[in-house]
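**Q** Assemble the whole structure, with the sequences as input and the hints as a guide.
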Amino acid sequence: MADDVKMNEIAAPSRRFLEAWYMFASNKAALLGLGLGILIAGVTIFGPMIYPTDPFEMVGAPMSPPGEELLLGTDFLGRDILAGIVYGARTTVLVGFAATFFTLVIGILIGVLAGFYGGWVENLLMRVTEFFQVLPALLLAMVLVALFSPSLYTIIFAIGVVSWTPVARLTRAEFLKIKEREFVMAERAIGATNWSIMWKVMLPNAAPPLIVAATLGVGVAILFEAALSFLGLGDPNAFSWGYMIGASRDFIWDTWWAVTFPGLAIFVTVLSISLIGDGLNDALNPKLRLVK
Amino acid sequence: MKFFYSLIKKVSYSLLLLLAVIVLNFLLLHIAPGDPVETLVAEMGGATPELIAQLRSDYGLDKSFPHQLLNYILRMAKGDLGMSFTYDQPVVKLIMGRLAATMILVLTALMLAVFLGTILGIMAAQKPKSFFSGFVTLISLAGYSAPVFWTGIMLLILFSYLVPIFPSFGMYEVGSSGNMLSYFLDVLHHLVLPALTLASIYLAVYSRIARASMMDVLGSDYIRTARSKGLSERVVVYKHALKNAVLPVITMAGLQFSQLIAGAVVVETVFSWPGMGQMAFEAILRRDHTLLLGILFFSTLIVIVVNLLTDMSYRLLDPRIK
Chain B
41 MADDVKMNEI
51 AAPSRRFLEA
61 WYMFASNKAA
71 LLGLGLGILI
81 AGVTIFGPMI
91 YPTDPFEMVG
101 APMSPPGEEL
111 LLGTDFLGRD
121 ILAGIVYGAR
131 TTVLVGFAAT
141 FFTLVIGILI
151 GVLAGFYGGW
161 VENLLMRVTE
171 FFQVLPALLL
181 AMVLVALFSP
191 SLYTIIFAIG
201 VVSWTPVARL
211 TRAEFLKIKE
221 REFVMAERAI
231 GATNWSIMWK
241 VMLPNAAPPL
251 IVAATLGVGV
261 AILFEAALSF
271 LGLGDPNAFS
281 WGYMIGASRD
291 FIWDTWWAVT
301 FPGLAIFVTV
311 LSISLIGDGL
321 NDALNPKLRL
331 VK
Chain P
335 MKFFYSLIKK
345 VSYSLLLLLA
355 VIVLNFLLLH
365 IAPGDPVETL
375 VAEMGGATPE
385 LIAQLRSDYG
395 LDKSFPHQLL
405 NYILRMAKGD
415 LGMSFTYDQP
425 VVKLIMGRLA
435 ATMILVLTAL
445 MLAVFLGTIL
455 GIMAAQKPKS
465 FFSGFVTLIS
475 LAGYSAPVFW
485 TGIMLLILFS
495 YLVPIFPSFG
505 MYEVGSSGNM
515 LSYFLDVLHH
525 LVLPALTLAS
535 IYLAVYSRIA
545 RASMMDVLGS
555 DYIRTARSKG
565 LSERVVVYKH
575 ALKNAVLPVI
585 TMAGLQFSQL
595 IAGAVVVETV
605 FSWPGMGQMA
615 FEAILRRDHT
625 LLLGILFFST
635 LIVIVVNLLT
645 DMSYRLLDPR
655 IK
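Chains as they are written, first to last, in the working numbering: chain B, 41 to 332; chain P, 335 to 656.
Because the hints were derived from the structure by calculation, they are not lab data. From the three backbone atoms N, C-alpha and C, an ideal C-beta is built for every residue, glycine too. Where hints are given, some of them may not hold.
[Said to hold, decoys possible] No more than 20 angstroms apart at the CA atoms, straight line, and that leaves these computed lysine to any residue pairs for SDA-like:
1. P:K344 with P:M549
2. B:K68 with P:K573
3. P:K344 with B:L144
4. P:K343 with B:W160
5. P:K573 with P:M549
6. P:K344 with B:L164
[As the list claims (entries may be wrong)] The calculated label-pair distances, taken between Cβ atoms and stated as ranges, are:
7. P:F449 with B:I90: 55 to 61 angstroms
8. B:K240 with P:F469: 43 to 49 angstroms
9. P:M378 with B:F171: 34 to 40 angstroms
[Stated by the list, open to error] Which stretches of chain B does chain P cover? Using the computed rule of at least three CB atoms under 8 angstroms from a CB of chain P, they are:
10. 263-277
11. 295-305
**A** And the structure:
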């Protein structure tokens, strides 16, 4: 066991990557997630070229059921549901990734500083983290977007502000774990600066659980965006799946397709990310997998 | 005595958190574009500069920043969360009128999620390789990945439209005037779908935790001892293992209470459940920032109180926590 761990530490990055990939590829659920993810990426990039109908445009009779005029039918204003799903993918993916990036920047910065310096810095930063954990996340996001008027920027900002705390806690915990390990000590002994130890030595070693958290974070961010636009706090110029459901909310009896299909799109997207995240977790933390 | 000491420490920490929430509220009001007077003037359809100046001094907006902050904190400490200009009523009164509905929904969903989640998790842990265990993993993934408002709408379509056995909105029939029992049953009838919807996300999380912790506990020495004594599987699982396996679920439930309150906002909106969350939605539509921030403050207050209670009951129940 001890030898294994050592091997892992000194193994070349490419070998570690290959090992993780084999582990990931032997997991059927993770591969399913990856397949769905590639499909969604394809729709995001090429969808609007292949299916160029404007989602805001009224292209058919209002409330026409799926298969009658258009494949997935129209909503109460005669807008094409399929076009909405194709265009909505861009908003969803953009907000999902941008908000996760912002979440990681805040979370890692706070976690690294707290875990590395300890003492009053850690104390203060952890109190701030606890404070943000007490605030009901979605409600705070709603307040932020409502106060600063809805746009893609405010939505990304709000999601980042409400969801960085788990990342900060995870980063800090990882830093506390590896702080006293030999390779960090060795760097200190040869006179490396705090800055380079933090970012160049310790952070890469804390990366595997952070990669998993970041992957799952994309799913959480997508769900936040969906909920905000469902509540009427989406960017009015960007078509999104949550907005489609919110808009047809009063017509669920008459146009079940207008609420069902966009929701299915959100569901499949988040499911694919959850499956990939779980697969990565098993592949990147082989020790945990053994315990299970 | 030690308990008393830690109680004081915890309470003062909670008060500090509360103060931080008040400061955050103030900062949000301050940084956000447009102040209460501008909103008011817009509502009135314009006003003379003299009137605007008068209103500004009435609202204390002409004072310095620290002075305004201090005034705000004192006002909040007295329980004055301001006036909602769209309802023309004090925010505290409005929230109090909605509090019970939200708490009924949230607590029912919490109990449902913890109870069902633990049961499913335990059953899955007993046969980790079975079809049932895979099924539990599947629904937990599904519950986690589906947006909660969509789950609610799907349940509405299924059980309120296709098979109309549950009402589609509200908390009770309009104009129903029966005795206590029929009122109770009426509310219960309306509660089923919203509570199930809100529980669905957390059910997923809890069944996963219960499964993992149960498998962990079932592998421990004291369970082996219990088994080797010849106790039946049922006694081993439900009498010996359950107690320890359920602790992580309860810890998680306490930690996630703030998420539950936030989830209620969406669920209440879908089912027109007359709680704080639905009012938050209305406040957004009407651009009533005072009311919206009041709801944020009050929800956070509930979370802080719940956290305090969870922590204290832990200290009483588990002597290992010092």
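**Q** If you test the structure against every hint from before, which numbers come out violated?
**A** When the structure is compared with the hints, numbers 1, 2, 3, 7 turn out to be violated.
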